[in-house]
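A.B. asks: Residue 129 in full-length UniProt numbering is what sits at position 129 of the sequence shown, and the numbering runs on without skipping anything.
Each hint should be verified, as a subset may be incorrect.
Unchecked claim - Cut-off 27 angstroms, straight-line C-alpha distance, at most; resulting in silico cross-link-like pairs (DSSO-like, lysine-lysine):
#	residue 1	residue 2
1	LYS244	LYS173
2	LYS14	LYS287
3	LYS14	LYS26
In short, the hints are calculated from the structure, not lab data.
If you're wondering where the values come from, they're calculated on a predicted model, not measured in any experiment.
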Amino acid sequence: MPFPEILQHDHPLKHLNTFRIDVRAKHYLRVTSVDDLRAALADAQLAAMPRLVLGGGSNLLLTRDFPGLVLHIALEGREILAGTATHHHVRAAAGETWHDFVQWTLAQGVGGLENLSLIPGTVGAAPIQNIGAYGAETKDYFLSLSAFDPATGEVRVMDGAACRFAYRDSVFKHEGRELIILDVSFALPRAWQPNLRYAELANAVAEQGIAAPTPQQVADTVIAIRRRKLPDPAQIGNAGSFFKNPVVSAEQCAALLEQFPTLVHHRQPDGSEKLAAGWLIDQCGWKGRSMGAAGVYPKQALVLVNNGGASGAEVQALAAAIQADVCARYGVMLEPEPVFI
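Assemble the whole structure, with the sequences as input and the hints as a guide.
C.D. replies: Written out as C-alpha cells, the structure reads:
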C-alpha cells in the first residue's frame, strides 16, 4: 500500500458524517492536494476499490461499514478573483466549510450568498446538491468549478451548463458521479439587492424594522430562522432536510386541494406545483415520533434525527415508513435528499 504514514485503515467515520452514524472505512485518505488524488489512484489496488468521496458528510446516510477507500476532501483556500464590471468573482477550495465561506464573502463586502447561510457541509458539496434555501440556489451565483477526473487523471473546468443544475440535482449525481470537485467559483452582483422573495425571510426582516437590509443583516436573519427551526448537527445528528419538496402537475395539485383544502403548495414558473414535504409529513402524524433511535425532529417534520446510537438502517427504515404513509394518503412519493451509502 502507498502512503504508509497517511493512508489509514479501519478508520471511524462517526465524526465525518453529520448524522453521526457509527460506521468505519476499510481505508481512509485525507486529501490535501491534487497530488494526493493522483498518487492514490495511480495505485492499482486502491484504484480498483469501491470509492467514496467525502466532504462534510452532511448529505449522506451511511448504512454500513464502507468496504473500500474513503477520500476525505480537505482542500483549503479562499480568494477574490478579478471579476467583471458587474460581478465580483470569488473562489473557494472544495474542503472549505460552506457557512464559513459565506461569512467570509460578507466580511469582504461581497453580498449574494447570504440566503444560503448556515447550510451544513463543504463548498465542494454545494454544486453536487445545488444547495438552496430561502429563495436562492447555488446555480443562481455559480461561475465555474474545477474537478479531478479519476479516469484520466486530468483536471476539468466546468461551467453551469456542464453541471446541469436542477432542483437539488446536478450532473454529479448521474454520469459525473466519479468526478471529484476541487474548487468552486461564484459570480456575485456588484449592484446587490436583497433577495426577500421567500415570505418567511421577508417577514422576519420586516419584524426587525429594517427597511433596507444589508447582506450581513439578511444573513443574520437567515441564521436566526435556521437555528430556531433546525437542530445543530453538533448536538443532534441529522442531515438537514431529509426529503425534497415534491413537484406535481397543476392537475394533480388541484385534485389534492379538493380533498385537502389547506394543502401547502407553491406555483412554479412552468405551471407545476411544489408541495411542502414537511407539511405532508406533519399531517401524517410523524412530527416528534421515533422508530428505535431514529426520529423526526419535533420542531420540523422535514428533518430526521439520530436521537443517540441510531444505525443507518434505522434511519432508512424510518424514512421508508414516512414515504409509505405520505404516498398512501396523498399519492405522492417523497424523494430523499441524502445519498444512501
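A.B. asks: Now tell me, hint by hint, if it's right for this structure.
C.D. replies: Okay, the hints, checked on the actual structure:
Proposed proximity of LYS244 and LYS173 is supported: the alpha carbons are some 15 angstroms apart, at most 27 angstroms. Between the alpha carbons of LYS14 and LYS287 the distance comes to roughly 26 angstroms, so the proposed pair stays at or under 27 angstroms and holds. For the given pair, LYS14 sits about 14 angstroms from LYS26 by alpha-carbon distance, which is consistent with the 27 angstroms threshold.
Violated hints are absent here; each numbered hint is respected by the structure.
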